[in-house]
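Visitor: Use the sequences and the hints to build the structure in full.
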Amino acid sequence: MNLVLTRIDNRLIHGQVLEAWVPFVRADCIVVANDDIAGNPLKKMMMQVSVPSRIRVEIGTVAESVALLKSTKLDCCRVLLLFGTTADAVSAYREGLVYSRLNLGNLQADKGKERFSCTLFLNPSDLDDLEILDQAGIKITSRCVPAESERSWRKLIPACKGKK
Amino acid sequence: MVASLTIGALVSLVCGLDRVAILQIMISRPIVAAPLTALLLGEPLIGLQIGVMVELLWLARLPVGAAIPPDDTQVAISSSVLAIIMAKTLSASGTELFLLCLLIAIPLGKVGQYFDHYARQYNIRLTKKVDSALENGSLLTAELQHLRGLGSFSLAAIGTYAVIMLGGLLTIPLLWPFLQHPLSHSSGWIQLAFPLVGIAVILGTINVSRALTLFCTSFGMAFLLMWLV
Amino acid sequence: MYLVWYGFSADVVGVEMAIPRKTRIYIWFRLLLLQASWNFERLQGIGFFYCLLPGLKKLYSGEKLLTVSRKYAGYFNTHVYLAPMVAGAVLKLEEDRAQGIVDPALEADDFKEMVAAPYAAIGDALFWGGVRPLAAGVALFFAIKGILWAPLIFLLVYNILPMWFRTVFFARGYRQGMRSVEFIQQHRLPDWAIHTKEAAVVVLGGLSAFMVYSHLNQVGLPSWLGMLTLIPMVILVLVARQGLSPLLLILITGGSIFLIGLFGADMICLLESWGLK
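Residue numbers (the UniProt record's numbering), protein chains in the order written: chain A, 1 to 164; chain B, 1 to 229; chain C, 1 to 277.
Bear in mind the hints are in silico, worked out from the structure with no lab data behind them.
Given the structure is predicted, the values throughout are model-derived calculations rather than measurements.
All C-beta atoms in this analysis are idealised placements derived from N, C-alpha and C, irrespective of residue type, glycine included.
Treat the hints with care, since some could be wrong.
As the list claims (entries may be wrong) - Stretch-level coverage of chain C by chain A, calculated; a stretch enters the list once three of its residues show a Cβ under 8 Å from a Cβ in chain A: (1) 34 to 48; (2) 114 to 124; (3) 179 to 191; (4) 252 to 260.
Said to hold, decoys possible - So these bits of chain C aren't anywhere near chain A, every CB distance computed over 12 Å: (5) Val138; (6) Phe142; (7) Gly146; (8) Leu148; (9) Leu221; (10) Ile268; (11) Cys269.
Claimed, not checked - Here are a few chain B residues that sit away from chain A, every Cβ distance over 12 Å (derived from the structure): (12) Leu39; (13) Ser132; (14) Ala133; (15) Thr141.
Guide: Here is the structure:
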């Protein structure tokens with residue numbers, strides 16, 4: 001398995017991923033780990049048709065995706081892995097998926113969420129999730145598109161330091 | 001000069017809004033905005049040359065989702081206005097002058113990115129107003145909030161224009177005597193380098209496998225054709 | 001304007017259309033203002049509500065209208081040129097619901113949410129990534145020749161496809177509702193986007209050759225030298241691939257050309273002073 005980018009993005013596959021990240025990391029396979037999309041055939045199909053046919057797309061639940069990534073099926077691919085929420089990223093980690101870096105893309109605004117950068121809105125449980133991953137030695141950074149500079153999540157979230 | 005500045009500001013407003021807020025018929029692209037400005041100021045060819053140089057430079061930075069590309073619209077417009085004003089006040093002409101204008105405008109164009117960013121951030125408070133208007137059952141107020149967003153985008157456009165113009169008007173008369181002569185040795189080549197760098201960045205970031213092979217073949221074939229014919 | 005007319009004249013005879021054509025044209029114009037209040041929290045959300053409102057007013061009234069409006073003022077973002085298609089389909093679905101026909105599979109707002117990101121991906125690839133560099137490349141040939149029509153050529157070449165999507169697909173979305181996604185599914189638009197980008201790369205290759213050739217002719221150097229441009233170009237592409245910004249690249253390239261120019265001029269002066277030339 002060759003995991004070139006692991007990203008949290010509530011919009012999953014969209015323009016930023018396909019137009020900016022795929023050419024930048026030269027990925028040829030996108031794995032979407034999301035229970036909601038995997039459970040809805042219509043949504044799944046819509047997501048698949050938005051990707052050019054030379055890029056392989058695998059959409060599954062978090063558990064399925066982790067199993068797929070741990071198997072040897074994707075060994076020859078450069079894989080871009082997408083999570084919809086921080087909770088999914090944590091459960092993938094708990095299922096035994098090894099990844100060393102995590103990119104924070106977009107997390108949309110919602111009730112109870114606080115704004116940490118233009119595109120990142122997090123609630124306390126998201127912060128806890130990120131803390132768990134950070135403790136596990138995963139390097140978490142925020143970067144919407146490759147043309148932007150990378151920022152460590154610690155710098156975005158000074159409040160979190162105070163809490164500890 | 002005041003008339004030129006005002007005309008420039010008007011174009012910068014209209015084209016700046018086309019960038020994000022309304023229409024998106026691409027009058028905001030430098031290849032359209034710069035000649036348009038220059039045409040209104042009576043020197044369309046200067047605008048065309050500036051348009052050619054700026055158009056491709058940031059074309060690879062796509063306005064995808066919440067990502068904000070550098071403001072090439074305002075760079076193109078304000079360097080056209082600067083070049084035309086400076087040509088009159090310094091009684092200068094030629095490629096060197098508008099190269100210098102671009103040299104000043106391009107780094108200042110970065111400011112446009114911040115202004116655009118603030119406009120989009122400021123607009124967040126409109127969402128609160130829309131929510132409360134809908135709570136109170138006042139649809140008209142909710143509708144009008146949407147149009148108020150135009151205000152912040154207009155300010156961002158005009159603000160970027162103003163910053164670049166101010167920077168240009170202050171520095172170009174000072175730099176011109178020193179740079180005019182040295183620039184004259186290489187101005188034609190620098191003018192050529194702008195679109196080529198833009199093309200290189202497009203090739204480097206475009207989502208096409210073997211973009212480089214395609215490019216080199218097409219370049220070579222076109223070159224051979226022109227050479228032989 | 002023909003396209004606009006075509007889009008709206010294609011009513012299916014015999015099917016009840018609750019939203020009159022006049023309102024739909026009004027909504028179409030409002031869709032040109034879709035992003036006026038773009039913000040980091042809802043993105044196009046408020047705009048989408050603003051565009052749909054005239055149609056919703058024909059379907060609902062009173063408290064019901066407010067509830068529906070609140071639903072559409074939430075988070076939403078798709079590509080500007082494909083938003084009319086979403087708006088059309090959503091209006092159709094709302095119309096069905098107002099008339100009591102409810103599709104058990106998918107509600108109108110679920111539909112909106114489902115198509116938003118895929119349409120955004122398709123639109124970004126096709127229009128920003130493909131058509132824009134292609135149209136710019138074509139127009140620059142004329143601009144370099146000093147033809148003042150170049151901007152108009154750009155606008156014409158560029159806008160054909162977006163206008164087609166904005167008008168015809170708005171009407172189609174309203175006619176077909178949920179089924180409007182079939183077009184996207186059948187035609188593999190992302191592959192079109194790749195082909196457009198390949199065409200753009202070829203055009204840009206020709207354009208570079210043309211620029212280099214005309215510049216060499218202008219300064220009176222032998223034209224075969226132009227083939228050497230490929231070397232710095234390949235280096236620049238490889239550097240750009242590493243994520244270096246265009247601003248930095250142009251400053252480095254421009255700066256080095258400037259210095260070479262100065263140095264070259266000094267060398268010639270020096271040689272002249274020695275009486276060697």
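Visitor: Against this structure, judge whether each hint is valid.
Guide: So, going through the hints one by one against the coordinates:
Against chain A, the segment 34 to 48 of chain C contributes 3 residues with a C-beta closer than 8 Å to a partner C-beta. That satisfies the three-residue criterion, and the hint holds. Here the segment 114 to 124 of chain C counts 11 residues with a CB under 8 Å from a CB of chain A, which clears the bar of 3, and the coverage holds. Remark: the segment 179 to 191 of chain C is confirmed as covered by chain A, as 7 of its residues place a Cβ nearer than 8 Å to a Cβ of that chain, reaching the required three. For the segment 252 to 260 of chain C, the stated coverage by chain A is violated: 0 residues have a C-beta nearer than 8 Å to a C-beta of that chain, whereas at least 3 were required.
Consistency note on C/Val138: stated as away from chain A, and its beta-carbon is indeed over 12 Å from all of that chain's, at 21 Å minimum. Interface exclusion of C/Phe142 from chain A stands, the closest Cβ pair being 27 Å apart, more than 12 Å. No beta-carbon of chain A is positioned within 12 Å of the beta-carbon of C/Gly146; the least distance is around 33 Å. Look at C/Leu148: its CB is around 33 Å from the nearest CB on chain A, clear of 12 Å, so calling it non-interface holds up.
Non-interface call for C/Leu221 relative to chain A: holds, since the shortest CB-CB distance, roughly 35 Å, exceeds 12 Å. Annotated as non-interface, C/Ile268 keeps its C-beta farther than 12 Å from every C-beta of chain A; the closest such distance is 41 Å. Taking the minimum C-beta to C-beta distance to chain A, about 42 Å, the non-interface status of C/Cys269 holds against the 12 Å cut. The claim that B/Leu39 is not at the interface with chain A holds, since no C-beta of that chain comes within 12 Å of its own (minimum 32 Å).
Distance check for B/Ser132 against chain A: the nearest CB is about 15 Å away, which clears 12 Å, and the non-interface claim stands. For B/Ala133, the non-interface assignment is confirmed: its Cβ lies about 19 Å from the closest Cβ of chain A, beyond the 12 Å cut-off. Listed as a non-interface residue, B/Thr141 keeps its Cβ farther than 12 Å from every Cβ of chain A; the least gap is roughly 22 Å.
The structure shown violates just one earlier hint, number 4.
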